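Colleague: Here is how the chains run, residue by residue.
Number of protein chains: 2
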Amino acid sequence: MAAKNKDKKFDEKIKKESLDSISGFGKKLVAAVENKNPPSFEIPLRSKTNISFDEKKKILVLGDKTSSRRFLNVAHARKFMQSALIASACKEYIEHDRTVGKRELYYNLKHSLPNSKENTFEDDIESGTVLNDLEASMGVLRERLHIEAKARGSIYGDITLSQAGDTFDCSKLGRGGWAIPGYTEDVDIINYKADFILAIENDAMMSRLIQEKVYKNLNCLLITGEGMFPRGVRRFIKLLNEKLKLPVIAFVDGDPYGFYIYSVLKYGSIELAHLSERYAVPNTRYVGMTMDDIETYELQNVTEQLKEVDKKRIKEELGYMWFKNNPAWVRQLEKMLDMGVRIEQQALANKSLDFVAKKYLPEKINEEKFLD
Amino acid sequence: MAAKNKDKKFDEKIKKESLDSISGFGKKLVAAVENKNPPSFEIPLRSKTNISFDEKKKILVLGDKTSSRRFLNVAHARKFMQSALIASACKEYIEHDRTVGKRELYYNLKHSLPNSKENTFEDDIESGTVLNDLEASMGVLRERLHIEAKARGSIYGDITLSQAGDTFDCSKLGRGGWAIPGYTEDVDIINYKADFILAIENDAMMSRLIQEKVYKNLNCLLITGEGMFPRGVRRFIKLLNEKLKLPVIAFVDGDPYGFYIYSVLKYGSIELAHLSERYAVPNTRYVGMTMDDIETYELQNVTEQLKEVDKKRIKEELGYMWFKNNPAWVRQLEKMLDMGVRIEQQALANKSLDFVAKKYLPEKINEEKFLD
Numbered sequence: 001m002a003a004k005n006k007d008k009k010f011d012e013k014i015k016k017e018s019l020d021s022i023s024g025f026g027k028k029l030v031a032a033v034e035n036k037n038p039p040s041f042e043i044p045l046r047s048k049t050n051i052s053f054d055e056k057k058k059i060l061v062l063g064d065k066t067s068s069r070r071f072l073n074v075a076h077a078r079k080f081m082q083s084a085l086i087a088s089a090c091k092e093y094i095e096h097d098r099t100v101g102k103r104e105l106y107y108n109l110k111h112s113l114p115n116s117k118e119n120t121f122e123d124d125i126e127s128g129t130v131l132n133d134l135e136a137s138m139g140v141l142r143e144r145l146h147i148e149a150k151a152r153g154s155i156y157g158d159i160t161l162s163q164a165g166d167t168f169d170c171s172k173l174g175r176g177g178w179a180i181p182g183y184t185e186d187v188d189i190i191n192y193k194a195d196f197i198l199a200i201e202n203d204a205m206m207s208r209l210i211q212e213k214v215y216k217n218l219n220c221l222l223i224t225g226e227g228m229f230p231r232g233v234r235r236f237i238k239l240l241n242e243k244l245k246l247p248v249i250a251f252v253d254g255d256p257y258g259f260y261i262y263s264v265l266k267y268g269s270i271e272l273a274h275l276s277e278r279y280a281v282p283n284t285r286y287v288g289m290t291m292d293d294i295e296t297y298e299l300q301n302v303t304e305q306l307k308e309v310d311k312k313r314i315k316e317e318l319g320y321m322w323f324k325n326n327p328a329w330v331r332q333l334e335k336m337l338d339m340g341v342r343i344e345q346q347a348l349a350n351k352s353l354d355f356v357a358k359k360y361l362p363e364k365i366n367e368e369k370f371l372d
Numbered sequence: 001m002a003a004k005n006k007d008k009k010f011d012e013k014i015k016k017e018s019l020d021s022i023s024g025f026g027k028k029l030v031a032a033v034e035n036k037n038p039p040s041f042e043i044p045l046r047s048k049t050n051i052s053f054d055e056k057k058k059i060l061v062l063g064d065k066t067s068s069r070r071f072l073n074v075a076h077a078r079k080f081m082q083s084a085l086i087a088s089a090c091k092e093y094i095e096h097d098r099t100v101g102k103r104e105l106y107y108n109l110k111h112s113l114p115n116s117k118e119n120t121f122e123d124d125i126e127s128g129t130v131l132n133d134l135e136a137s138m139g140v141l142r143e144r145l146h147i148e149a150k151a152r153g154s155i156y157g158d159i160t161l162s163q164a165g166d167t168f169d170c171s172k173l174g175r176g177g178w179a180i181p182g183y184t185e186d187v188d189i190i191n192y193k194a195d196f197i198l199a200i201e202n203d204a205m206m207s208r209l210i211q212e213k214v215y216k217n218l219n220c221l222l223i224t225g226e227g228m229f230p231r232g233v234r235r236f237i238k239l240l241n242e243k244l245k246l247p248v249i250a251f252v253d254g255d256p257y258g259f260y261i262y263s264v265l266k267y268g269s270i271e272l273a274h275l276s277e278r279y280a281v282p283n284t285r286y287v288g289m290t291m292d293d294i295e296t297y298e299l300q301n302v303t304e305q306l307k308e309v310d311k312k313r314i315k316e317e318l319g320y321m322w323f324k325n326n327p328a329w330v331r332q333l334e335k336m337l338d339m340g341v342r343i344e345q346q347a348l349a350n351k352s353l354d355f356v357a358k359k360y361l362p363e364k365i366n367e368e369k370f371l372d
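Here the protein sequences come in this chain order: B and E.
Numbered per the UniProt record's numbering, the first sequence spans residues 1 to 372.
Numbered per the UniProt record's numbering, the second sequence spans residues 1 to 372.
Warning: the hint list may mix true and false statements.
Note that the list lumps identical chains together, so a pair holds whenever it fits in one copy or between two copies.
Claimed, not checked - Straight line, CA to CA, 16 angstroms or less: simulated EDC-like cross-link-like pairs of lysine to aspartate or glutamate: (1) K213 / D166; (2) K56 / D338; (3) K315 / E17; (4) K312 / E334; (5) K307 / D195; (6) K193 / D158; (7) K110 / E304; (8) K110 / E298; (9) K213 / D97; (10) K36 / D64; (11) K15 / E95.
Treat the hints as calculated values from the structure; they're not laboratory data.
This one's a predicted model, so the numbers in the text were calculated from it and none came from an experiment.
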């Protein structure tokens, strides 16, 4: 299917929107000074007390609480200076069409202030916190400010993408895939053939599914984040999901970490609750691994014993709103505790190497045996 | 430049060589049984006492010490069974043209032995050790046995590759690159234009160099391993180095970990000393970061304090043969201890975002300011 041709001016439009937000932010501060008012700006509170699970939207959201950052408050002055510095730098990055890593941003802006021993930033935790504040305050996604995420993970399948003037087919890349870069806001979809996106935890499982030509047989796009999906991969999945209206199916280890990868894809994360609408994919479905798979597919001999840290994590997850109000998920978590084991996706190789491709995934996906 | 067209039969030839090695291994065992001799095979010792630095070849090598694995020795019987099992599985993988991850191998072969409670393997450390032994014993690279490495890292630049029937240009992949798969033995080089390979520690630095079009301006291929280069990336670099006779230039952080990444690229690693000839690239050169860069480029304000663990690592490296007999490297390591700081490659962003591309790399590479 050919995706709609992107409005050629789309890139310019999002660039202008971001620049307008930054200018608006700056102009308000300048106006305050000119009117002899103390400059200040509001930041939505991102602490747990202001985060809730929106039952209707089915994602994590921020509440209405905000805090003010005031230039004339001695305790705020440093962060105020840092906010203005980062906002101004982002404006320059956008204007010069450069994207910048989080740590690179820190190094780029670290300087001694004139006539003092004070540095603009002492470490990238300081600059990262201010960046998060700015992002929430202006309501502009960090990537739209040209700050790129960590590059990790890859995509493989019948989809032709275009970026930075290049056009490439992600099913014509040998045994590898396209290495998903940290900035994908400008990726254009030329055409594709797929019914869904399969989000895979493990890169070795990705290799197995590429070899077994699962993208053809199940008509899907394969994406791996190599463990916990980094922000860049989640954003890219969201962009594909939005542009192509494709559902996402999570295929991860049957353990608290796999469950969490799924929940972050679907509901968003606590850390980035202010961005859930731009990251979370509420129509994500969970194909496996489940605790029931152990019996159904006779995998008892290839489970792994739970460690204390795993058990602790399971108990935490039993308290998460999106799990605790969902009987199917409570059952999985409790069954895991009862059995005292976890099951990795690669354990399916115990049946045969192509079992996952020929039997497990086709059976569960075609018969819609999902956990939702 | 067009690389020589690969002999079409090359793939079949390496496949046959590997199968012959496995068959030879098996036939020797069978012959012993038929002649009523106790079956056994030899394994080169891989402990530190049998590893040395070959001053002529300039790589880490294994000595002549071996140990025997005897079927009739009760202490050896389990490993003997495991060796035969893995050898037989690899034969099947090669015949069916499948490559298999290390953990997948473990799951694929874990079974209860008939009429016993004994498992073939208890964990993938057990199977991994036997795999290492087999690799050293048969003198066949693990990848040639169709066991793939971890997939991580990417390549970007003016090179057209072919694998598994696909042909793709690694300079036409937008802001990303080609995700290097865990198996690259069958990668064919169609053509390329480059004077050297730049091996980059940090994926965000890779993104910067892609954006600044360094591959064009400096005429090189960009490869990152995202931190410590995994085995798959090192093997791929070695294949490019061998086939294209391109030197490798390492661009890493100025700290003991960056130095170690460089030394593993150049000399091999202690863990894989039996494979140095197939991994190490003796003509690897070191462009940076160096302790001298801190003064030359006035980066004093963006160094990081050494931690105790860093200092300990530096002292260890001062004892490594390839560093301790090289005054230039001893000077770097001692200077690092004296100054008490380390310097990351991204710190160059403190001058300006394009400083690394416009000034640092061109200046140091064109004037051959290398540490060797």
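Colleague: Are the hints correct? Go through all of them and say.
Modeller: Cross-check of the supplied hints:
1. In this assembly of identical chains, K213 and D166 lie within 16 angstroms of each other by CA distance solely across copies; the values are 14 angstroms between and 25 angstroms within a copy.
2. Taking CA atoms no more than 16 angstroms apart as the test, K56 paired with D338 passes in neither setting, with 32 angstroms inside one copy and 60 angstroms between copies.
3. In this assembly of identical chains, K315 and E17 lie within 16 angstroms of each other by CA distance neither inside one copy nor across copies; the values are 43 angstroms within and 53 angstroms between.
4. In this assembly of identical chains, the alpha carbons of K312 and E334 lie at most 16 angstroms apart only when taken from the same copy (12 angstroms versus 45 angstroms across copies).
5. Proximity of K307 and D195 under a CA criterion of 16 angstroms is satisfied in neither setting, with 38 angstroms inside one chain copy and 51 angstroms between copies.
6. For the homomeric pair K193 and D158, the shortest alpha-carbon distance inside one copy (6 angstroms) is at most 16 angstroms, but the shortest distance between copies (29 angstroms) is not.
7. For a Cα distance limit of 16 angstroms, the shortest separation of K110 from E304 across copies, 12 angstroms, qualifies, whereas the shortest one inside one copy, 47 angstroms, does not.
8. For the homomeric pair K110 and E298, the shortest alpha-carbon distance between copies (13 angstroms) is at most 16 angstroms, but the shortest distance inside one copy (57 angstroms) is not.
9. Taking the shortest Cα distances, K213 and D97 sit within 16 angstroms of each other only across copies (13 angstroms), while inside one copy they are farther apart (38 angstroms).
10. Proximity of K36 and D64 under a CA criterion of 16 angstroms is satisfied in neither setting, with 29 angstroms inside one chain copy and 83 angstroms between copies.
11. Taking the closest pair of Cα atoms, K15 and E95 come within 16 angstroms of each other only inside a single copy of the chain (8 angstroms); across copies the shortest separation is 53 angstroms, beyond that limit.
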